[in-house]
Amino acid sequence: MVMLRYRYLFEQMVRRELRSKYKGTVLGVLWYLVNPLVLMAVYAVMFGVLLDAVQIDDYPLFLFLGLIVWTFFSQSLLASATSLVEQTSLVSKVRFPRETVPAAVVSVQLVPFLVLLAIVAPVAVVIRGTLDPALLLLAPIVACLYAFALGLGLMASVAHAYFRDVQPVLGAALLPWFFLTPIFFRVEDLPGLAGHDTAEALLRWGNPVAPFIEAVRAVLYSGEAPRGATLLYVGAATVLALGAGRAAFRRFEGELAVVL
Amino acid sequence: MTLAPGEIVLADAWRAFNVRGDRGRTLKELFTRRTADPLDSVQALAGVDLRVAPGETVGIVGRNGAGKTSTLRVLAGIVPLDRGSAECGGRVATLIELGAGFGREFTGRENILLNGALNGMGRRDIEERLPDIIAFSELGHFVDVPVKAYSSGMMVRLGFSIAAHLDADVLLIDEVLAVGDEAFQRKCLRRISERIAAGATVVLVSHAAGAIERTCQRTIVLDGGQVVFDGPTAEALLHYHSMLGTEAGEGATERRPAPHRKVFVEEVSLFDGEGRRRQVFAAGEPLHLVLGLGVRPGAQPCRVAFELRQASGQPVFGAGETIDLGGRPGRLTFEIPRLALLGGDYDLVVAVQEPGDPDPGIDRLVGLSVAETPDAEGVADLRGTWRLDTVVPT
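In order, the protein sequence lines correspond to chains P and Z. Per our numbering, the first sequence runs over residues 1 to 260. Per our numbering, the second sequence runs over residues 1001 to 1394.
Keep in mind the hints are simulated off the structure, nothing from the lab. There could be a bad hint or two in this list.
[To be verified] Simulated pairs of lysine to any residue, SDA-like, Cα-Cα distance not exceeding 20 Å:
# : chain 1 : residue 1 : chain 2 : residue 2
1 : P       : LYS21     : Z       : VAL1145
2 : P       : LYS21     : P       : LEU114
3 : P       : LYS93     : Z       : VAL1147
4 : P       : LYS93     : Z       : GLU1110
5 : P       : LYS21     : Z       : PRO1146
Based on the sequences and whatever the hints tell you, model everything.
Below, the structure written as structure tokens:
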């Protein structure tokens, strides 16, 4: 209800965030797109060609789908963590629904993600021949991913406002997290995991980002509906993250003007 | 409880702030300093009760740290209470800090849109008001220049123009009007008056008695987080000044007479034509300046002078008189039959110059305010009548 009344504020904040981020740079908003493209090229050459470590068809495509999901997720988390602190003057001097600050930041990250997805999806459909009714699942999966990142972002933003180590801790955690996430590999392909079912399950289900990547890949790369368990996991993770994020934000937003 | 638009209820409001641990806490501190040191805690509000009816204008005065800004922030809903309740009816607009919520990289126009949105307005509402806001701000083409190039006066213009056009039911203003040129301040006050006439409630926090006197019928004096006086503005300001006076605070800054002084000013009082002590006058009223003079043995004839200055320090009027007290304390009165000053805040400084005294310095400084005179601009009250005679062409 409140968010409805303030939707123009939300729109303004997203626009402001988008522009202020890259104001004065030559490529402007395009910078959002450069990062994942460069990463994709590097990993494709390193793992696919130089190391020759993977036997995955259309490896750059496989890689790219994982990368864009991961980039959106990690950038959303990092950016929302500092979002409230960066808007101190606003939060401590004006009354408005403070959720709009981290929500705007996460939404800004959604823009390059959607652009990249719009570019890669037709390519995937053509190369992989994945024109399948399962494609319709892409929209709800992306919506879930957004809500999931938003939930965690709400938590991160308010936590960082109280304790300024949150963002550095997140930054440090995201690197190992990246390598443990099935972005440039498939869990079932890992030779070291053979016979270690618990470790495999942990890698697959212990990491909430993995099922999102798996779901996107199932639809775009494999041309099939994601497994029921995966979809269930995605839905549950979304509801849980958003619920916990909103609850945490409600609980702690009151003192924001004081702690900032 | 639903309040009528413009109604304000603050009931038994308590709020403490942690002075030390507020900024930049880290996890390490959480583990090393588990219990809060009570010495770090400041009770900003200690049981404040305030009820404001729609259409009222309320001033809040008090020393630094008396809880003025905390009251405003609590009313605005920016800071929650520890205990008690704070509620405002209808749309609330705040002007708490200069340029709060302005993106420095963005133009004035863009910031108008953002600020309107921050106050819960939709796109159509804001775009409808945009021309009025820009016109009111008088920023001209600067409205399309990034705010980082603005002076503080320009920031006030922009901030106030936005807040004044939000059609708020409750307007919370903290000191910001003190910056900016006088003509614009007057325009702001006029605009506030219009809002009040339309049923809005205004709460104005200020050190400057003048701004409060000119806008508020009712004033609250805060001290130590508590309401120590709540009543008509004139009485409240008297109470506030006497409170400051007893502790030689602001408003009545003085110098203790140097021991070598044989004649010194003990007291400066302003009275109206009926002999009532006043701090605020209407333009054109009589004003009697009464100086209580003290003497020490060996006092000689000396010159007593006063000067009236604008708040900016610009002299407006000065006069002096050579007197001989004959070794006894006395009272020197200067009668102004008609105070020919327009609305504004003035300072009155008094000095005594004894023979062989090169620089008399300032013995006493008191504040003096003249009530708003919306129909004229400037300092001197030369208000007259217009007459138009048409000339018949030959």
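Now the hints, each set against the structure:
1. The straight-line distance between the Cα atoms of P:LYS21 and Z:VAL1145 is roughly 19 Å, inside the 20 Å bound, and the hint therefore holds.
2. Only pairs whose Cα atoms come within 20 Å are accepted, and P:LYS21 paired with P:LEU114 is accepted, the gap being roughly 18 Å.
3. Of the pairs offered as hints, the one joining P:LYS93 and Z:VAL1147 holds, with about 18 Å between alpha carbons and a cut-off of 20 Å not exceeded.
4. A threshold of 20 Å between alpha carbons decides the hint, and for P:LYS93 with Z:GLU1110 the separation of about 19 Å falls inside it, so the pair holds.
5. For the proposed pair P:LYS21 and Z:PRO1146, the alpha carbon gap of about 16 Å is at most 20 Å, so the pair holds.
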